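Make the full structure from the sequences, and use the hints.
There are 2 protein chains.
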Amino acid sequence: MRVITIFAILGLSLMSGRSMGAQAPSLADILAGSPATDWRRLDPENTLYLDFVGGRVIIELAPTFAPAHVANIKALARAHFYDGLSIVRVQDNYVVQWGDAEAKRPLGNGRRTLKAEFSHTITRSDRFDPLPDPDTYAPAVGFSAGFPAAMDPAHWETWLTHCYGMVGAGRDNDADSGGGAELYAVIGQAPRQLDRNVTLVGRVVKGIERLSALPRGTGDLGFYKTAPERIPIRAITVAADLPVDQRVPLEALRTDSATFAAVLRNRRFRKDDWYKVPAGRIDVCNVTPPVREALRP
Amino acid sequence: MRVITIFAILGLSLMSGRSMGAQAPSLADILAGSPATDWRRLDPENTLYLDFVGGRVIIELAPTFAPAHVANIKALARAHFYDGLSIVRVQDNYVVQWGDAEAKRPLGNGRRTLKAEFSHTITRSDRFDPLPDPDTYAPAVGFSAGFPAAMDPAHWETWLTHCYGMVGAGRDNDADSGGGAELYAVIGQAPRQLDRNVTLVGRVVKGIERLSALPRGTGDLGFYKTAPERIPIRAITVAADLPVDQRVPLEALRTDSATFAAVLRNRRFRKDDWYKVPAGRIDVCNVTPPVREALRP
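Keeping their order, the protein sequence lines are chains A and B. Position 43 of the first sequence, counted from 1, bears residue number 43 in my numbering, the numbering being contiguous throughout. Position 121 of the second sequence, counted from 1, bears residue number 121 in my numbering, the numbering being contiguous throughout.
Think of the hints as simulated: they come from the structure by calculation, not from any bench. Since the model is a prediction, treat every value here as computed from it, not as a measurement. Errors might be hidden in some of the hints.
Remember, identical chains collapse to one label, so a pair may be satisfied in a single copy or spanning two.
Cut-off 30 Å, straight-line C-alpha distance, at most; resulting in silico cross-link-like pairs (BS3-like, lysine-lysine) [stated by the list, open to error]:
#1 Lys225 / Lys104
#2 Lys104 / Lys276
#3 Lys225 / Lys271
#4 Lys271 / Lys115
#5 Lys115 / Lys104
#6 Lys225 / Lys276
#7 Lys276 / Lys115
Now the structure itself:
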């Protein structure tokens with residue numbers, strides 16, 4: 001399988017253009033040399049296309065962590081619930097939010113509210129690959145099912161972490177008042193205080209910059225003050241509902257692969273000429289599992 | 001002193017508009033009830049106005065941490081070195097960068113390169129107020145001279161941390177190849193791996209959203225591919241060089257004040273109806289020292 005584009009570029013150095021003599025494999029080298037088996041095709045049944053005037057944003061859903069919310073969001077998408085709704089909020093260094101602010105649209109087979117899925121007990125079949133570095137918020141952090149996640153080994157509890165690009169289901173004060181009719185994506189410093197307080201449902205794997213560069217709302221909490229400021233959503237579509245040749249064939253690096261372990265080493269130690277004091281550490285939100293477009297089969 | 005605007009809004013909850021019954025003083029209450037002595041006027045001699053088509057961005061410089069760079073940047077500003085230069089790079093979830101990409105402009109009394117000021121040995125007169133929570137990257141983190149900072153108590157070494165809105169001096173491979181002719185501001189997840197690898201010179205205290213919402217560059221590392229995409233800088237001005245009535249009278253909450261301690265408690269424990277599992281922790285980059293506009297004297 002040949003690779004034609006790499007979408008998720010990890011944080012790169014503040015070079016002003018001069019060449020950098022590599023002393024260890026570069027990130028690009030690591031990815032270019034990776035075996036095809038270290039990558040997984042995104043499941044079109046758990047991939048959403050959010051299309052709006054700014055282009056397409058692609059979201060990978062996380063059924064392992066939020067099965068009921070994922071099922072509900074797909075039911076809502078299939079009922080065309082989101083089509084014609086708007087992006088209603090862009091709060092700098094925090095979130096972009098979209099959905100049914102007036103709670104008036106028909107839900108089809110979907111539901112407006114669901115029992116929260118903030119965390120779950122890890123099972124034998126769940127894989128959790130921890131990072132060795134301390135975390136401010138959780139006893140352990142790492143990657144699970146391709147997503148950044150945290151774990152409390154004392155209770156075998158695991159949950160997704162609010163990193164840049166993660167997508168969650170907004171709610172009111174009641175823990176069970178969310179469900180996916182209102183969704184948000186993180187566009188700033190990871191608001192980890194939200195972990196286990198909101199149900200995270202997936203992450204943006206392509207096009208986050210189409211959301212993060214939107215005009216900030218000037219109302220309270222970054223809401224757009226007037227209806228004309230809102231940005232209409234053309235449609236949210238489950239990729240599986242499109243003919244194969246209309247899907248974007250994305251694949252993600254397996255977070256349990258040797259290649260991803262090499263990526264983490266690269267990001268932790270930065271063995272190149274530019275870095276003088278390599279951190280030797282990495283925050284779970286400072287390394288994004290790479291996603292790329294594969295040639296169509 | 002009456003307060004008319006609060007600029008730096010800390011991360012707020014994902015409410016969809018309903019009221020929230022407070023069980024503990026809210027952040028707004030804490031700030032509204034704070035004594036005037038807990039605030040400090042920004043020193044106009046260490047305040048920069050970056051004016052461009054998108055409006056004004058205000059930067060507080062950090063002479064405690066980077067005295068030579070701060071002096072040099074002011075000399076460059078006073079030589080009108082920056083006026084007419086451009087924003088040349090906007091990399092999503094990373095940095096906005098501006099300056100003299102072609103290294104051709106006259107420097108006045110300024111210099112193009114300086115010895116790095118990545119960290120310094122803390123002195124008796126430096127105050128460092130640590131956070132109690134663990135940090136991924138440093139032995140201790142907290143606030144010093146109003147800025148987010150880290151410390152290694154084993155060597156009494158202290159340095160500024162790459163949080164959202166922090167401003168640094170881009171450099172090439174040589175540690176001493178920066179100086180302030182190229183500057184960047186962080187607009188994404190804190191790239192803490194840069195700590196002690198680049199000289200940080202201050203932080204954006206007003207208008208970061210004017211930078212963070214700019215169109216992303218489509219070239220390598222987020223550089224704009226063509227000259228017309230670049231965004232011209234009208235001028236960078238030292239506030240002290242303007243008549244008093246043309247300055248923006250900003251004040252920052254002292255990070256060694258009782259009010260800021262209350263802000264930190266509020267952010268760590270979030271005792272309100274919305275949060276179900278308060279983190280009880282805070283990342284040094286997840287709380288921004290509040291800055292507000294005071295009435296003119």
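A quick look at each hint next to the structure:
| no. | hint | in the structure |
| --- | --- | --- |
| 1 | Lys225 / Lys104 | within (19 Å within a copy, 44 Å between copies) |
| 2 | Lys104 / Lys276 | between (56 Å within a copy, 27 Å between copies) |
| 3 | Lys225 / Lys271 | between (48 Å within a copy, 28 Å between copies) |
| 4 | Lys271 / Lys115 | between (46 Å within a copy, 22 Å between copies) |
| 5 | Lys115 / Lys104 | within (21 Å within a copy, 61 Å between copies) |
| 6 | Lys225 / Lys276 | between (46 Å within a copy, 29 Å between copies) |
| 7 | Lys276 / Lys115 | between (49 Å within a copy, 14 Å between copies) |
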